[in-house]
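4 protein chains.
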Amino acid sequence: MHFASDNAGPVAPEIMDALIRANDGHAMAYGTDHLTQALESRLRELFEAPEARVFLLTTGTATNVLALATLTDPWQSVFCHRDAHIEVSECNAPEFYTGGAKLIGVDGPTGKIDPGALRSAMASLSDQASPDTRCGTVSLTQVTDLGGVYTLDHIRAVTDIAREFGVPAHMDGARFANALVELDCSPAGMTWQAGIDALSFGGTKNGLMSAEAVIFFNPAHAYEFEHRRRRGAHLSSKQRYIAAQYLAYLDDGLWLDLARRANRAAARLEAGLKGLAGVTLVHPREANMLFTELARPIHARLRDAGAVYYASKASRDDYVAARLVTNWATTDADVDAFLAIVRSEG
Amino acid sequence: MHFASDNAGPVAPEIMDALIRANDGHAMAYGTDHLTQALESRLRELFEAPEARVFLLTTGTATNVLALATLTDPWQSVFCHRDAHIEVSECNAPEFYTGGAKLIGVDGPTGKIDPGALRSAMASLSDQASPDTRCGTVSLTQVTDLGGVYTLDHIRAVTDIAREFGVPAHMDGARFANALVELDCSPAGMTWQAGIDALSFGGTKNGLMSAEAVIFFNPAHAYEFEHRRRRGAHLSSKQRYIAAQYLAYLDDGLWLDLARRANRAAARLEAGLKGLAGVTLVHPREANMLFTELARPIHARLRDAGAVYYASKASRDDYVAARLVTNWATTDADVDAFLAIVRSEG
Amino acid sequence: MHFASDNAGPVAPEIMDALIRANDGHAMAYGTDHLTQALESRLRELFEAPEARVFLLTTGTATNVLALATLTDPWQSVFCHRDAHIEVSECNAPEFYTGGAKLIGVDGPTGKIDPGALRSAMASLSDQASPDTRCGTVSLTQVTDLGGVYTLDHIRAVTDIAREFGVPAHMDGARFANALVELDCSPAGMTWQAGIDALSFGGTKNGLMSAEAVIFFNPAHAYEFEHRRRRGAHLSSKQRYIAAQYLAYLDDGLWLDLARRANRAAARLEAGLKGLAGVTLVHPREANMLFTELARPIHARLRDAGAVYYASKASRDDYVAARLVTNWATTDADVDAFLAIVRSEG
Amino acid sequence: MHFASDNAGPVAPEIMDALIRANDGHAMAYGTDHLTQALESRLRELFEAPEARVFLLTTGTATNVLALATLTDPWQSVFCHRDAHIEVSECNAPEFYTGGAKLIGVDGPTGKIDPGALRSAMASLSDQASPDTRCGTVSLTQVTDLGGVYTLDHIRAVTDIAREFGVPAHMDGARFANALVELDCSPAGMTWQAGIDALSFGGTKNGLMSAEAVIFFNPAHAYEFEHRRRRGAHLSSKQRYIAAQYLAYLDDGLWLDLARRANRAAARLEAGLKGLAGVTLVHPREANMLFTELARPIHARLRDAGAVYYASKASRDDYVAARLVTNWATTDADVDAFLAIVRSEG
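Residue numbers (my numbering), protein chains in the order written: chain P, 1 to 346; chain U, 1 to 346; chain F, 1 to 346; chain C, 1 to 346.
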């Protein structure tokens with residue numbers, strides 16, 4: 001009953017097979033191998049962006065901070081949701097990589113930036129007496145860190161403001177696929193066609209083994225990225241293994257199937273938790289994360305039974321806040337076992 | 001005929017099997033899984049250092065710069081060989097991670113730091129009028145970037161000087177195993193018993209898939225390493241896959257067998273090149289790298305035949321400097337094919 | 001009619017005389033001169049802190065960021081008021097000098113940190129699931145950037161929270177004297193006796209010529225400050241001139257007289273503005289800054305007459321927000337001239 | 001008998017008078033005052049560079065590192081003489097401000113970069129296999145840190161190489177005037193007409209009180225300088241006092257007179273030391289610095305008599321290396337007193 005993180009799940013079997021197949025003889029290192037080159041072509045095709053630049057990495061944080069560092073000056077401020085991963089969970093890596101750019105967190109429901117609050121914050125920074133303060137990149141997370149999925153209109157509302165202030169827009173897509181299958185739109189539609197300039201295209205949370213990518217839709221935005229990657233100690237020598245995974249991931253819609261499975265498991269979990277005594281669903285499920293509050297006895301039963309999830313302070317003392325995350329490998333049996341314990345008596 | 005880099009080689013079959021076995025169900029992420037914990041125990045046992053701290057990463061450069069950042073203050077200078085990887089091939093990552101520590105390159109044959117030159121450089125820095133300059137970590141590479149293998153006495157001579165100036169000693173062991181099998185000593189003997197405080201214990205060049213580790217023999221030296229790793233965007237979530245590789249690597253001496261195979265292939269290559277017309281061996285083979293100079297017609301023939309290696313300016317205009325690196329998967333057939341072309345007529 | 005900044009005022013005549021006197025022959029450079037040493041003794045005596053360490057600089061921002069860098073780790077967060085100078089007016093210098101520490105702005109009236117909001121923010125950071133986030137230094141500004149003066153009890157309430165979370169407390173005292181004369185307490189009482197560990201002891205805004213100081217009450221907190229200062233390019237060679245100014249500043253209570261003059265000018269201005277049509281006093285004067293809103297016609301008259309002050313968006317469209325700052329050299333005539341224009345008809 | 005540093009000298013009387021005159025009433029802060037603007041015009045005229053950008057600072061190190069940071073990318077290497085101030089005496093400030101650019105020291109006599117050695121070092125970096133290494137700014141010091149004065153031809157030889165590799169050229173002119181009076185050429189002739197793109201135009205060592213300037217001859221090179229200055233905590237609020245000093249400095253050739261006085265004092269000293277027993281002149285005087293070796297008994301006598309200079313290890317055990325620096329205020333009496341002690345018997 002692993003609901004702590006989608007990072008806890010195994011690698012999908014098709015992906016492991018791809019790794020085995022790629023492990024054939026020698027290949028050029030440092031990204032000059034043919035698989036890495038094939039992947040860039042494939043992603044350009046998938047995102048309908050024939051000039052896009054693609055760079056492979058091994059952690060989602062690296063994709064975020066290297067993209068931000070490439071797009072943002074050290075004396076600028078990056079705007080994001082106040083609960084964004086880059087603001088709350090990256091141990092000041094964004095500040096480190098950008099050379100000290102400030103992160104300004106903005107409010108909004110379910111982790112989605114409120115456009116009015118964003119414009120207000122950016123205008124406030126621009127209005128300041130000192131001529132040296134500067135607005136920088138706007139970064140939004142899709143799926144958000146509170147499990148929310150932006151509609152296309154909402155993405156455009158945010159990126160329109162970035163454009164209004166003359167700054168680029170970045171999307172942290174650690175759970176990109178989980179959002180895409182909910183919106184049922186194209187990858188281009190959810191990114192550059194909605195105003196996104198650079199995308200952290202996550203893989204690790206959706207069945208890959210430490211595989212992540214950054215995509216710059218306009219090659220001009222990728223200026224000096226390779227230097228920053230190497231200087232950040234993030235240039236993998238055996239990149240063919242990252243590329244091989246992504247090629248299998250994108251083959252035959254596997255990536256969308258994996259995401260659908262994760263989302264369905266979360267939907268099943270939500271359906272089972274609805275209306276149960278001692279369980280509050282903080283907001284409706286939108287992708288593969290549920291934010292709940294559980295009465296302490298329930299929490300204790302679950303822990304005793306070996307259920308794993310992140311717990312923190314709830315809004316009421318006799319409850320515990322529990323974040324439940326499903327991944328492609330979460331089975332109906334996993335979900336049902338969890339529900340059984342919730343329903344059972346102490 | 002791949003002789004460009006030991007990074008170009010495939011992952012060893014035993015390692016791939018370990019990855020498949022590790023891909024079983026869920027596991028805690030971010031290094032709290034049982035495989036990562038088992039690996040730390042195994043390495044403590046292997047290095048006879050019961051209190052050692054072990055941290056997993058995915059690039060060799062990351063192991064170097066995070067170790068240096070943990071050991072070195074921003075206003076200090078790191079001492080290394082002038083051809084060291086950290087000085088020449090890391091795109092200023094050491095300066096970035098340490099917050100601006102200077103790297104001072106010292107001379108020595110075959111990439112091995114000359115103790116007299118080191119003491120001279122460190123004394124010179126200490127003597128300077130300004131009280132703010134400071135000596136920092138001494139870093140040596142084993143196997144060196146020019147293919148050399150330090151004897152244990154030589155390692156001690158260097159670390160003795162570090163101790164004399166009150167600074168720690170780091171070993172960049174990207175090719176650790178390739179040196180160990182030549183010296184036929186214990187891992188402890190080649191590291192902390194010879195005065196090394198922190199080791200970049202490489203795996204990727206010797207058959208692993210993007211797996212690297214940092215070992216601090218004295219836990220006090222690891223102070224704040226985890227913060228620096230996370231802030232550097234180098235915390236892998238699915239660490240069980242790195243750990244699983246290393247556990248198989250260290251099982252039954254596989255890591256030493258892989259290194260012996262690479263070194264033997266280089267020895268076979270050297271034996272075949274000795275005395276050939278148009279070929280100069282710059283210095284004798286010590287591990288798995290050969291530095292040669294090839295007459296231009298030979299170089300042309302090799303390129304035409306698809307041989308891959310790094311070429312640069314030689315000491316004479318009609319020659320090309322060629323670095324030939326073997327890895328665990330280099331076969332006798334690979335070597336013999338290369339030699340045949342060298343020997344053949346235009 | 002200069003009310004833009006206390007930085008716009010001239011240097012006090014006693015200070016200029018001290019510079020002339022200090023300009024006598026040669027003196028050791030880089031702070032080893034006898035005036036700098038005399039000043040450290042004098043400040044230890046004034047602050048009743050016999051072990052305090054004192055460092056001289058030339059900008060207030062430098063005192064803040066070097067103190068913060070010395071007290072804070074790169075992976076920590078600094079807590080301050082959301083309108084604090086370090087957060088809003090230092091062009092990310094704090095992030096630069098600390099190596100990427102995050103600044104977390106907290107609410108409170110008139111620029112004074114609300115203790116409850118501070119505890120809440122610090123607890124929230126400490127509670128987060130990720131073990132790598134860390135609370136760092138708490139920094140408060142006295143006089144605040146919105147003209148407020150903390151009572152001693154309020155300072156203690158804030159520093160108590162810092163202590164509760166095991167972090168140091170810093171005071172940005174760019175307008176230290178302007179607050180001290182309002183509280184009528186001792187320098188020790190307003191700093192270390194109220195829990196402050198490090199003080200940016202401002203001089204430039206109160207009659208000095210680019211003279212600033214950092215005081216660490218506990219010498220242990222000053223660890224490595226000199227290296228950071230030099231590395232920040234902030235080590236002045238001719239420090240005797242900074243020291244000479246401060247010695248005259250502290251002689252015979254000159255510094256308190258200068259501050260009283262500035263505060264009285266602001267009081268006179270406030271008294272004159274009270275109740276005037278088209279003028280709103282946003283909050284009562286506490287030191288030497290007034291925050292007002294002026295009807296646009298009044299603003300236009302003042303500008304036409306050559307009055308200088310920072311203007312920005314007010315809460316109502318037909319008004320302008322005007323910040324009026326007095327300094328030691330602001331005369332009754334300056335104030336009365338301003339008032340006359342405000343009162344006059346277009 | 002102060003010969004330790006030209007920073008130890010007093011401020012010239014004409015400069016002190018200028019400070020007193022500038023201390024009149026209020027002025028706009030942060031460089032928007034009319035004196036700062038007048039100075040930029042004056043320097044454009046003096047350097048025959050009508051589009052030059054001028055920025056005022058208070059330390060020489062700040063002028064160097066802010067100029068280098070503006071001209072150099074973090075993944076580049078700066079080339080300088082191995083004894084350059086930026087390499088040896090700035091506590092890694094260049095690495096800090098550039099975000100980790102490496103400094104590569106090159107040889108040459110008397111602190112002057114040898115063009116052949118420079119081309120060799122830059123070509124070597126460009127030739128390296130890794131495509132990510134990059135040559136960056138070339139920085140030369142005039143007067144060098146070993147007291148040498150580049151001829152115009154030598155400056156051009158160095159800047160020609162910078163141009164060949166497509167990088168800018170910076171001049172650290174902490175002692176600019178001391179060189180100019182020796183070459184008897186125009187300021188333009190010694191800088192942009194000889195290929196220099198940015199100049200650290202020193203003042204503190206030649207009679208000013210903590211006044212320094214950076215001049216970019218091509219305004220495009222000054223891109224983002226103001227942000228970097230503010231972010232470095234180097235924006236002085238009361239800039240009129242820096243500007244006022246420079247205006248007086250440049251008035252009526254005062255700056256050249258001050259430099260000539262310093263150089264003449266050094267010439268007098270050299271003449272007196274020539275041929276004395278127990279004294280070796282390491283190389284002939286070129287500006288205002290002498291590098292000598294003194295027999296230990298002479299050194300002891302001088303110290304006992306209160307002479308002040310930097311002493312370090314000499315080439316022979318029974319001697320001490322002594323650096324003797326004169327400044328505008330060094331009198332014939334100072335020099336003669338020193339010589340008398342050297343000549344006297346123990």
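The reader is advised that the hints may include incorrect statements.
Same chains, same label: a pair holds when it works inside one copy or across any pair of copies.
Unchecked claim - Think about it this way: if two alpha-carbon atoms lie no more than 25 Å apart in a straight line, the pair counts; the simulated DMTMM-like pairs of lysine to aspartate or glutamate are:
1. K274 with D317
2. K313 with D160
3. K313 with D107
4. K274 with E182
5. K313 with D127
6. K274 with E14
7. K274 with E164
Hints were generated in silico from the structure; no laboratory data involved. Note that the structure is predicted; figures quoted are calculated from it, not measured.
**Item:** Within, between, both or neither: K274, E182 at alpha-carbon 25 Å
**Value:** within (20 Å within a copy, 60 Å between copies)
**Request:** With 25 Å as the alpha-carbon cut-off, assign the pair K274 and E14 to within, between, both or neither.
**Result:** For K274 and E14, neither the intra-copy (34 Å) nor the inter-copy (47 Å) Cα distance is at most 25 Å.
**Up to 25 Å CA-CA - D160 versus K313, copy category** = This pair counts as between: shortest inter-copy Cα distance 23 Å, intra-copy 36 Å.
**Asked** Taking 25 Å as the upper bound on the Cα-Cα distance, should K313 and D127 be classified as within, between, both, or neither?
**Response** Only across copies: K313 and D127 sit 8 Å apart there, 38 Å inside one copy, limit 25 Å.
**Prompt:** Between the shortest in-copy and the shortest cross-copy C-alpha distance, which are at most 25 Å for K274 and D317: within, between, both, or neither?
**Reply:** within (21 Å within a copy, 49 Å between copies)
**Request:** State whether the alpha carbon distance between K274 and E164 is at most 25 Å within one copy, between copies, both, or neither.
**Result:** Classified as neither: same-chain Cα gap 42 Å, cross-chain 40 Å, threshold 25 Å.
**Request:** Can you give me the call for K313 and D107, within, between, both or neither, at a CA distance of at most 25 Å?
**Result:** The answer is both: 20 Å in one copy and 22 Å across copies each meet 25 Å.
Hint compliance for this structure: hints 6 and 7 are broken, all remaining hints hold.
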